[in-house]
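> Take a look at the letters that make up each chain.
Protein chains: 2
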Amino acid sequence: MAEGSDDIQALIALMARLPGLGPRSARRIVLALIRKRGGQMTQLAQLLGSVATSSRECLICGNITDRDECAICIDPARANGEICVVEDVADLWALERGRAFRGRYHVLGGTLSALDEIGPDDLGIPALIDRIRDQRITEVILALNATVDGQTTAHYIAEALEGSGVAVTGLAQGVPIGGELDYLDDGTISAALRARRKL
Amino acid sequence: MAEGSDDIQALIALMARLPGLGPRSARRIVLALIRKRGGQMTQLAQLLGSVATSSRECLICGNITDRDECAICIDPARANGEICVVEDVADLWALERGRAFRGRYHVLGGTLSALDEIGPDDLGIPALIDRIRDQRITEVILALNATVDGQTTAHYIAEALEGSGVAVTGLAQGVPIGGELDYLDDGTISAALRARRKL
Ligand SMILES: [Zn+2]
Ligand SMILES: [Zn+2]
Numbered sequence: 001m002a003e004g005s006d007d008i009q010a011l012i013a014l015m016a017r018l019p020g021l022g023p024r025s026a027r028r029i030v031l032a033l034i035r036k037r038g039g040q041m042t043q044l045a046q047l048l049g050s051v052a053t054s055s056r057e058c059l060i061c062g063n064i065t066d067r068d069e070c071a072i073c074i075d076p077a078r079a080n081g082e083i084c085v086v087e088d089v090a091d092l093w094a095l096e097r098g099r100a101f102r103g104r105y106h107v108l109g110g111t112l113s114a115l116d117e118i119g120p121d122d123l124g125i126p127a128l129i130d131r132i133r134d135q136r137i138t139e140v141i142l143a144l145n146a147t148v149d150g151q152t153t154a155h156y157i158a159e160a161l162e163g164s165g166v167a168v169t170g171l172a173q174g175v176p177i178g179g180e181l182d183y184l185d186d187g188t189i190s191a192a193l194r195a196r197r198k199l
Numbered sequence: 001m002a003e004g005s006d007d008i009q010a011l012i013a014l015m016a017r018l019p020g021l022g023p024r025s026a027r028r029i030v031l032a033l034i035r036k037r038g039g040q041m042t043q044l045a046q047l048l049g050s051v052a053t054s055s056r057e058c059l060i061c062g063n064i065t066d067r068d069e070c071a072i073c074i075d076p077a078r079a080n081g082e083i084c085v086v087e088d089v090a091d092l093w094a095l096e097r098g099r100a101f102r103g104r105y106h107v108l109g110g111t112l113s114a115l116d117e118i119g120p121d122d123l124g125i126p127a128l129i130d131r132i133r134d135q136r137i138t139e140v141i142l143a144l145n146a147t148v149d150g151q152t153t154a155h156y157i158a159e160a161l162e163g164s165g166v167a168v169t170g171l172a173q174g175v176p177i178g179g180e181l182d183y184l185d186d187g188t189i190s191a192a193l194r195a196r197r198k199l
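Protein chains in written order, with the UniProt record's numbering: chain A, 1 to 199; chain B, 1 to 199.
Please note: incorrect hints may appear among the correct ones.
Same chains, same label: a pair holds when it works inside one copy or across any pair of copies.
Calculated lysine to any residue pairs in the SDA-like style (CA-CA distance at most 25 Å, straight line) [stated by the list, open to error]: (1) 36 x 79; (2) 36 x 67; (3) 36 x 50; (4) 36 x 160; (5) 36 x 19; (6) 36 x 22; (7) 36 x 164; (8) 36 x 159; (9) 36 x 14; (10) 36 x 96; (11) 36 x 130; (12) 36 x 49; (13) 36 x 122; (14) 36 x 115; (15) 36 x 7; (16) 36 x 20; (17) 36 x 88; (18) 36 x 94.
Keep in mind the hints are simulated off the structure, nothing from the lab.
Build the full structure now, drawing on both the sequences and the hints.
Structural data, given as structure tokens:
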């Protein structure tokens with residue numbers, strides 16, 4: 001038993017399975033927590049416990065919340081007819097941090113993928129189409145990743161909404177703010193060039 | 001409130017302060033935990049709680065343990081007269097994983113540092129000298145980091161033990177196993193060259 005106690009070893013093993021961590025970083029984190037155990041570690045344990053019991057998916061949009069319907073879905077100020085479709089809750093959070101979008105969301109929970117046999121029903125796309133119709137949505141922004149699967153999914157949803165009178169848009173592609181051309185992939189540079197605008 | 005709930009935000013903020021993590025990696029980890037909350041998150045909360053309450057420093061060597069004296073210090077098979085002095089508990093764990101050392105340890109909890117005003121008393125070096133004398137230690141292995149402060153500390157301890165009859169040794173320096181010369185710093189290459197051995 002190299003690492004202190006059975007509990008410490010189990011804690012390191014569990015931490016090491018978290019995304020981005022491994023045995024080495026898990027050991028460093030656990031040691032740091034033990035050093036300040038009085039405060040941080042107890043607080044972390046309590047928060048993990050309460051988040052574990054209270055967190056669930058918003059029944060409307062799929063955002064993570066501690067109620068049946070998330071704060072965004074029940075905010076009357078956000079019923080502006082716009083719905084932003086994202087792949088993942090992390091993308092919703094990133095958009096909210098940007099504070100540029102004031103409508104509502106729909107989290108797909110993935111993308112269409114022939115390889116992984118994920119079809120429209122697996123992502124609840126029929127339910128999304130119903131929601132767009134029922135809630136009198138006027139614009140659907142497909143904020144999906146600029147990957148092959150993300151763009152395939154965006155095209156599928158855009159086609160399913162054809163003729164419905166809803167405006168379907170996507171995020172602009174181009175050079176990220178602060179981005180150095182030298183470090184961007186060729187596809188991004190070409191897309192930015194094609195979408196060039198007058199200054 | 002971009003991130004789900006106040007508890008989730010607090011959890012992310014706390015996680016982001018752990019060594020090697022930041023807001024981005026903390027968000028990814030918390031999202032992954034929420035997705036499998038039933039199992040992993042509750043288990044993690046419980047383990048953190050129990051480690052926080054039960055972990056403490058071994059009264060003899062400074063290792064992390066859940067008893068007054070750690071498993072290494074009470075193992076009669078390890079009373080072989082050898083004591084290995086390390087800077088940090090993480091170093092002790094690393095040596096134990098290597099399974100090459102079968103004696104006991106002493107964790108300094110740091111190194112001598114003029115800059116940070118850390119002297120011999122702050123590291124409990126007088127207590128270490130007493131321990132070496134009382135426990136009839138025959139060899140002291142100074143497994144300190146190959147940094148300036150680590151080596152200063154090693155020299156200080158070696159001098160303090162001069163004339164005591166105890167053999168004082170240090171780890172061999174050289175090319176790590178699998179190490180490519182091209183990627184090593186010059187100091188390591190020079191040290192490995194000076195310590196070259198016949199094949
Ligand atoms: Zn919602
Ligand atoms: Zn001990």
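> Next, verify each hint and record whether it holds.
Here is how each hint holds up against the structure:
Proximity of residue 36 and residue 79 under a CA criterion of 25 Å is satisfied in neither setting, with 45 Å inside one chain copy and 31 Å between copies. In the homo-oligomer, the alpha carbons of residue 36 and residue 67 lie at most 25 Å apart only across protomers (18 Å), although the nearest pairing inside one protomer, at 33 Å, exceeds that limit. Taking identical chains as interchangeable, the C-alpha atoms of residue 36 and residue 50 lie at most 25 Å apart whether they share a chain (21 Å) or sit on different chains (14 Å). Within a single copy, residue 36 and residue 160 get their C-alpha atoms no closer than 54 Å, and across copies no closer than 32 Å, so neither meets the 25 Å cut-off.
For the identical chains of this complex, residue 36 and residue 19 are neighbours both inside a copy (24 Å) and across copies (12 Å), given an alpha-carbon limit of 25 Å. Proximity of residue 36 to residue 22 under the C-alpha cut-off of 25 Å is found in both arrangements, the shortest distances being 22 Å within a copy and 18 Å between copies. In the homo-oligomer, the alpha carbons of residue 36 and residue 164 never lie at most 25 Å apart, since the shortest distance is 58 Å inside one protomer and 37 Å across protomers. Proximity of residue 36 and residue 159 under a CA criterion of 25 Å is satisfied in neither setting, with 55 Å inside one chain copy and 33 Å between copies.
Proximity of residue 36 to residue 14 under the C-alpha cut-off of 25 Å is found in both arrangements, the shortest distances being 20 Å within a copy and 13 Å between copies. Taking the shortest alpha-carbon separations for residue 36 and residue 96, only the inter-copy value of 24 Å comes in at or below 25 Å, while the best intra-copy value is 33 Å. For the identical chains of this complex, residue 36 and residue 130 are neighbours neither inside a copy (51 Å) nor across copies (28 Å), given an alpha-carbon limit of 25 Å. When the C-alpha separation of residue 36 and residue 49 is checked against a cutoff of 25 Å, the pair qualifies both within a copy, at 19 Å, and between copies, at 13 Å.
Taking identical chains as interchangeable, the C-alpha atoms of residue 36 and residue 122 lie at most 25 Å apart only when they sit on different chains, with a minimum of 19 Å there against 44 Å within one chain. For a Cα distance limit of 25 Å, the shortest separation of residue 36 from residue 115 across copies, 24 Å, qualifies, whereas the shortest one inside one copy, 46 Å, does not. In this assembly of identical chains, the alpha carbons of residue 36 and residue 7 lie at most 25 Å apart whether taken from the same copy (17 Å) or from different copies (21 Å). Taking the closest pair of Cα atoms, residue 36 and residue 20 come within 25 Å of each other both inside a single copy (23 Å) and across two copies (16 Å).
For a Cα distance limit of 25 Å, the shortest separation of residue 36 from residue 88 across copies, 15 Å, qualifies, whereas the shortest one inside one copy, 34 Å, does not. In this homomeric assembly, residue 36 and residue 94 come within 25 Å of each other (Cα to Cα) only across copies, at 21 Å, whereas the closest approach inside a single copy is 31 Å.
Figure legend: structure checked against the earlier numbered hints; hints not met, in rising order: 1, 4, 7, 8, 11.
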